[in-house]
Amino acid sequence: MTGWANISQVKEKIAQTSAEDVTASYLERIRKSRINAYTTIWEGAIEKAREIDEQGHNGPLAGIPIAIKDNISTRGISTTCSSKILQGYVPPYDAHIVERLKDAGAIILGKTNMDEFAMGTSTESSCYGPTLNPWDKARVPGGSSGGSAAVVAAGEAPISVGSDTGGSVRCPAAFCGVVGLKPTYGTISRYGLISYANSLEQIGPLATCVSDIAALMDVIGGHDARDSTSVQTETMYKDALVDDVSGLKIGVPAEYFGAGIDPAVENSVWDAIQLFEELGASWEQVSLPHTSYALAAYYIIAMSEASSNLARFDGTRYGLRNEGENWHVMASRTRAEGFGAEVKRRILLGTYALSAGYHDKYYLKALKVRTLVKQDFDQAFKEFDCLMTPTMPTPAFKLEEKVEDPLALYLADVNTVPINLAGVPSISLPCGFTDGLPIGLQIISKHFDEATVLRAAYSFEQNTEHHTRRPAEVA
Amino acid sequence: MITKEEVEHVGWLARIEIHESEAQAYAEKLNAVLDYFSQLDEVDTENVAPTYHVADIVNVFREDVVRPSMPQEEVLANTGKKQEGNFLAPRIM
Chain A
1 MTGWANISQV KEKIAQTSAE DVTASYLERI RKSRINAYTT IWEGAIEKAR EIDEQGHNGP
61 LAGIPIAIKD NISTRGISTT CSSKILQGYV PPYDAHIVER LKDAGAIILG KTNMDEFAMG
121 TSTESSCYGP TLNPWDKARV PGGSSGGSAA VVAAGEAPIS VGSDTGGSVR CPAAFCGVVG
181 LKPTYGTISR YGLISYANSL EQIGPLATCV SDIAALMDVI GGHDARDSTS VQTETMYKDA
241 LVDDVSGLKI GVPAEYFGAG IDPAVENSVW DAIQLFEELG ASWEQVSLPH TSYALAAYYI
301 IAMSEASSNL ARFDGTRYGL RNEGENWHVM ASRTRAEGFG AEVKRRILLG TYALSAGYHD
361 KYYLKALKVR TLVKQDFDQA FKEFDCLMTP TMPTPAFKLE EKVEDPLALY LADVNTVPIN
421 LAGVPSISLP CGFTDGLPIG LQIISKHFDE ATVLRAAYSF EQNTEHHTRR PAEVA
Chain B
1 MITKEEVEHV GWLARIEIHE SEAQAYAEKL NAVLDYFSQL DEVDTENVAP TYHVADIVNV
61 FREDVVRPSM PQEEVLANTG KKQEGNFLAP RIM
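Going down the list, the sequences are from chains A and B. The first sequence begins at 1 in the numbering used here and counts up one residue at a time. The second sequence begins at 1 in the numbering used here and counts up one residue at a time.
Note that these hints are calculated values from the structure, not bench results. Hints should not be assumed to be uniformly reliable.
Okay, derived cross-link-like pairs now, EDC-like style, lysine to aspartate or glutamate, Cα gap no bigger than 20 Å in a straight line [to be verified]:
#, chain 1, residue 1, chain 2, residue 2
1, B, K81, A, E325
2, A, K361, B, E17
3, A, K361, B, E46
4, B, K4, A, E342
5, B, K29, A, E404
Here are some of the chain A residues that sit facing chain B, going by a computed Cβ distance under 8 Å [said to hold, decoys possible]:
#, residue
6, V90
7, L248
8, K249
Positions of the beta carbon are idealized from the N, C-alpha and C atoms, including for glycine.
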């Protein structure tokens with residue numbers, strides 16, 4: 001097995017050979033990789049695959065290799081959030097979704113690289129160094145789930161999971177030319193996902209095609225008592241894979257085609273919308289008037305939640321520990337050394353935004369703006385079944401282009417963060433290329449209406465060829 | 001505007017040691033972001049309720065049933081400093 005394959009192709013190969021052979025060939029590809037997308041390769045994968053072969057391939061993902069983002073807990077396998085502060089940490093338990101994946105027969109190949117603690121848009125802030133974009137190794141893969149997107153694009157795993165706090169699944173999916181879904185808040189248990197901004201983030205699947213996204217959702221979605229925000233959904237996601245968009249009402253929000261958008265991106269997205277019209281859908285422009293304030297509100301909320309969530313990394317129970325004459329000095333030195341520059345900035349800003357005298361000006365204000373952003377979506381979905389926008393305003397940018405300017409990097413998230421503030425589902429899928437770099441189309445729907453997002457995305461895929469293009473790295 | 005002194009104070013609140021030599025550079029980068037955040041001042045949020053959470057979930061209860069917990073050695077496996085089944089930390093005061 002070489003290169004880009006979807007679940008059904010991998011299943012065919014397993015039937016012809018074995019899960020062990022398939023796993024071995026993926027591990028061989030990973031060892032020869034030049035994109036630095038894995039933080040840990042799991043040596044137990046071969047043995048696990050052999051077990052699956054012996055047991056006779058039961059389960060919906062029996063023998064299917066998968067890559068897991070390094071912020072999702074895996075029992076016995078290093079989980080570091082690509083941070084120096086978690087070096088040496090081996091979780092004593094599995095995340096809910098990892099239990100589900102194991103029960104379904106999936107084989108974990110390893111953990112994938114990310115921006116440290118998922119704080120970034122480029123996977124450059126990892127303590128392991130950046131992951132390179134398989135389409136152009138001088139460019140970033142997007143972030144923060146850059147490793148999870150890059151391994152799928154480079155054929156180093158057929159499917160993967162990431163997490164999406166403000167675009168961290170969809171951005172790298174767009175930059176790497178794969179499909180990535182940010183489900184409705186509450187759809188997937190966050191138990192075992194190391195928290196960054198808990199009111200915003202969801203775990204999300206990445207794959208080469210929409211069908212595989214649905215297959216993964218059928219395995220990892222659903223209620224888990226250990227995450228009190230998770231809910232039971234009745235959906236069988238695979239049922240949504242219908243090639244039919246007749247009567248679909250599409251809203252096109254002008255605010256998502258704003259200043260700084262690359263003309264090639266704009267053209268590709270409009271071509272996609274026109275194709276939907278040819279297939280029987282209709283579209284109208286719509287306004288989401290608070291969009292321009294979403295970015296500032298998002299960052300204030302995310303940083304505030306981060307300052308609280310990351311307080312647990314104090315050198316006492318796991319990871320790095322420095323010396324100090326008392327606990328406070330020990331913790332302060334451990335955190336100063338263990339966290340990278342961007343993580344420290346966000347914790348400091350979050351602490352500041354929550355501190356006496358500034359709480360109302362920043363944090364409370366941001367939460368009120370969040371209400372307005374959410375109302376914009378509620379209003380739009382009274383009229384439309386879904387919204388379509390570019391996932392990212394530009395194709396993948398060059399490595400180091402934005403490293404020194406945090407604000408420039410934040411601005412890249414302008415089209416993805418409003419979705420997390422509102423908690424609605426959205427998918428990114430390939431809709432074109434410019435200078436050999438993939439472009440992502442974002443399809444957004446209302447709460448718990450993943451079915452519409454998947455149906456639209458699946459129909460688009462059935463009627464286009466973009467998703468069949470592969471980077472030279474895979475050839 | 002956040003001052004160099006405030007950066008050091010916030011660093012203490014967040015338990016992140018910041019050397020005097022770094023504080024100025026932090027202040028500059030943080031101020032650029034705070035400056036961007038101040039655009040929210042122009043949004044009218046009079047009578048708008050804050051959204052802490054998008055899900056309409058209040059008080060999720062479960063039965064109070066005793067369940068086995070993780071074995072002590074597994075809980076302590078990730079620390080280098082332990083004593084008699086406890087995490088060992090320097091004195092707090």
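Do the hints match the structure? See the list:
1. Proximity of K81 of chain B to E325 of chain A is assessed by CA-CA distance (about 15 Å); at most 20 Å being required, the pair is judged to hold.
2. This hinted pair does not check out: K361 of chain A and E17 of chain B have alpha carbons roughly 26 Å apart, beyond 20 Å.
3. With a C-alpha separation of about 13 Å, the suggested pair K361 of chain A and E46 of chain B falls inside the 20 Å cut-off, and the hint holds.
4. Taken as a hint, the K4 of chain B and E342 of chain A pair is honoured in the structure, with Cα atoms around 18 Å apart against an allowance of 20 Å.
5. About 10 Å separates the Cα atoms of K29 of chain B and E404 of chain A, which keeps this hinted pair within 20 Å; it holds.
6. Restraint check, V90 of chain A versus chain B: the minimum CB separation of about 7 Å is within 8 Å; hint holds.
7. Below 8 Å, beta-carbon pairs count as interface contacts, and L248 of chain A has none with chain B, the closest being about 24 Å; its hint is therefore violated.
8. Checking K249 of chain A against chain B by beta carbon gives a least distance of about 23 Å; that is not within 8 Å, so the hint is violated.
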